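Model the full assembly from the supplied sequences, consistent with the hints where possible.
Everything in the sequence shown is counted per our numbering, starting at 1 for the first residue and increasing by one.
Treat the hints as calculated values from the structure; they're not laboratory data.
Heads up, a few of these hints could be off.
[Unchecked claim] In silico DSS-like links for lysine-lysine, alpha-carbon gap of 25 Å or less:
| # | residue 1 | residue 2 |
| --- | --- | --- |
| 1 | 114 | 194 |
| 2 | 337 | 60 |
| 3 | 218 | 252 |
| 4 | 142 | 219 |
| 5 | 391 | 524 |
| 6 | 397 | 114 |
Values in this document were obtained by computation on a predicted structure and should not be read as measured data.
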Amino acid sequence: MQLNLDEQQSKIVFSSDIGAKIVIAGAGSGKTRVAVETIVQKAKKGIDSSKLMMLTFSRKSELEMRNRLKERMEAEYLTNNVVVNTYHGFGWSLLRENPEAYGLTAKVTVLDEKDAKKLMTESIKDAEITFAKSFVSTMYEKLSHEGLLRPRFKNNAIAFILKKITESSNDELSGVDANQVYHAIEIYQNKKRKSDYVDYEDLLLLPVIGLESNEELKKEIQERFLFIIADEAQDTNEIQYDLIRLCMPFSKMDRAGIMLVGDDDQSIYVWRGAKPANLHAFINEYKAELFPLERNYRCNKHIVERAVQLISNNYSRLPKTPYSNKEGNLPVCYNFKNTFDMGSYVSTAIKDLMGKGVKPKDIAILYRNNIMSTFIEPMLVSEDIPYQIYKGSDFTKRLEIQIALSVIKLVINDKDYYAFDKLTKLMPGVGVSAVAQAHNYSLETGLGLFESAAFKWKESLRDYAVNWMNKLNELKKNSPVILGGWLLKKEGGGLYDYLLGEVSKSSDLNKSNIKLNRQIEHLKMLMDTIYRRVDINKPVEEQWIDALEVMLHSPDDEQDELGVTLSTIHKSKGLEFKYVFIFGLNAEFFEGRKKSTDDEDEGSDNIEESRRLAYVAMTRAEDVLIVCSASMMTLGKIERKLTPSLFLYESGLKVSRNNINLKKSFFDGIENKDILSALGVE
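Structural data, given as structure tokens:
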């Protein structure tokens with residue numbers, strides 16, 4: 001088979017099977033293809049495929065890797081037992097195959113984000129904390145990412161909290177006791193263990209703690225793999241990097257291999273603990289050989305040139321010279337009088353693009369923070385332009401999926417309070433007090449929640465408890481692949497009747513039917529995922545545990561692909577579009593960020609990360625890049641002066657003052673022949 005690899009790609013794919021390597025993969029350089037082909041070539045050399053592993057961050061990337069690998073391994077008639085997983089998914093697989101080794105029981109279940117917040121709120125209350133409650137949750141996540149929740153680092157953790165309190169400009173934190181914050185976190189940890197819960201942070205933290213404290217366990221895991229590829233390595237935090245090191249230490253480099261794939265220029269998640277410095281640490285610790293992947297196959301050469309000129313202003317970059325051989329159009333930049341004019345311009349431009357035959361799904365509007373959509377959405381509506389805001393939302397947050405997952409959790413752990421609480425939606429008349437009764441009795445006696453409910457609920461509700469207890473006992477004897485049908489049937493979970501009752505409350509019958517059909521379709525998607533994950537030849541108990549992995553590997557929530565995509569730059573990473581408008585490249589939105597790092601809207605005050613964010617935005621564009629800034633933000637009666645970002649000038653973009661008569665066609669005011677050509681206008 002002709003692989004059609006370029007020279008740099010070939011060097012990586014056919015590199016040695018042992019030793020440490022780091023692939024500096026620029027935007028659009030085909031890194032997934034290279035990673036997959038590297039694994040295929042290892043298998044062709046006779047390495048047992050079960051001893052090969054690929055790790056990545058997102059479900060989307062994992063699925064893409066898995067599908068490409070399956071296709072290539074089949075084409076080469078190779079046995080495919082390669083481990084392909086997300087970092088969190090791999091951590092969960094370690095925990096569930098030997099829970100006792102990590103201080104857990106076989107009944108352990110995973111808390112979703114919403115339930116974890118509820119449990120943290122309870123813990124904060126128990127710790128008698130009344131100040132800035134969100135600060136405790138933030139500290140918990142940051143301590144986890146930094147690896148400071150390991151017991152031996154308790155003093156370091158408290159010092160870290162104290163430092164954050166001291167540095168904060170938040171008046172609510174003045175006088176806060178760092179020890180009290182840590183105590184609340186300890187209560188939260190104890191509550192999880194008592195109820196057989198783990199949260200997403202535990203999926204990485206507990207494997208690291210277990211491997212560090214158990215030499216026999218660590219040796220077994222280290223002997224399991226002969227070659228590991230860790231993708232998106234620039235986004236790993238301290239605990240993720242430690243997990244990689246524990247699974248494939250430097251001491252094995254004479255008989256095994258590891259390849260980190262990443263790009264420090266695209267590290268945009270420092271606000272959630274990512275450490276691009278891990279790339280440098282890996283090079284130094286493992287004496288890693290550097291392999292650049294520099295050719296950009298996505299963007300035209302003019303876009304790449306401007307993006308590279310911008311990012312070259314960052315210091316401590318790993319050596320690379322991204323380039324593209326793709327001919328194309330010069331990116332353009334306009335500065336508008338205000339955000340209203342900017343929004344009007346972009347909507348008019350898109351309307352004209354559509355009139356020239358461009359599909360809306362090929363167009364994206366990218367911005368730094370969510371508030372920017374306020375300035376463009378009304379304009380799109382007024383021009384009757386279809387659009388969707390890309391949320392990258394979690395499929396598992398949907399009501400029907402939450403209920404299905406609750407059944408799985410209760411089959412595994414009959415004391416899972418949060419799953420029990422969700423499932424009572426299918427039991428009319430069972431309210432908060434009844435749920436609390438069952439929960440309290442379960443805590444007192446150690447009985448399962450439905451068994452406890454059978455003892456404590458009044459007679460009119462007791463039948464629910466007995467029936468559900470019997471139903472779940474019968475269900476657990478079967479494979480989880482029957483869950484979808486069982487859940488919908490009246491004699492099973494009765495979910496169809498419940499969903500029908502909920503949508504029937506709407507006066508719009510057509511919308512109700514559409515919603516119900518979508519909910520059924522979501523359940524089908526869930527069952528398809530479970531079917532792919534579950535091996536029906538395994539014992540039934542193991543199949544149910546495998547089914548719970550759907551929380552970590554569920555399909556991404558569907559996005560309407562017919563409209564223009566509106567997205568924050570953070571969420572757009574991994575996406576690409578023929579036409580990209582960067583909306584609001586102003587200093588106030590990029591360079592003047594607050595120091596709060598709780599979410600992507602706040603981001604980082606680090607100018608280098610902000611520059612990387614602009615670089616990522618520019619390299620989403622395949623053919624046409626239009627960068628917009630404004631001199632004034634207008635929101636109702638509110639006006640705020642804005643300054644064009646320094647990044648506009650650092651990238652070498654020529655900033656034009658745009659005074660286009662917005663009543664005329666978008667094309668009437670454009671003089672740049674390159675952009676006219678790109679838009680199909682003579």
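Find the hints from earlier in the document that the structure breaks and name them by number, from lowest to highest.
-> Going through the list in order, the structure violates hints 2 and 4 and respects the others.
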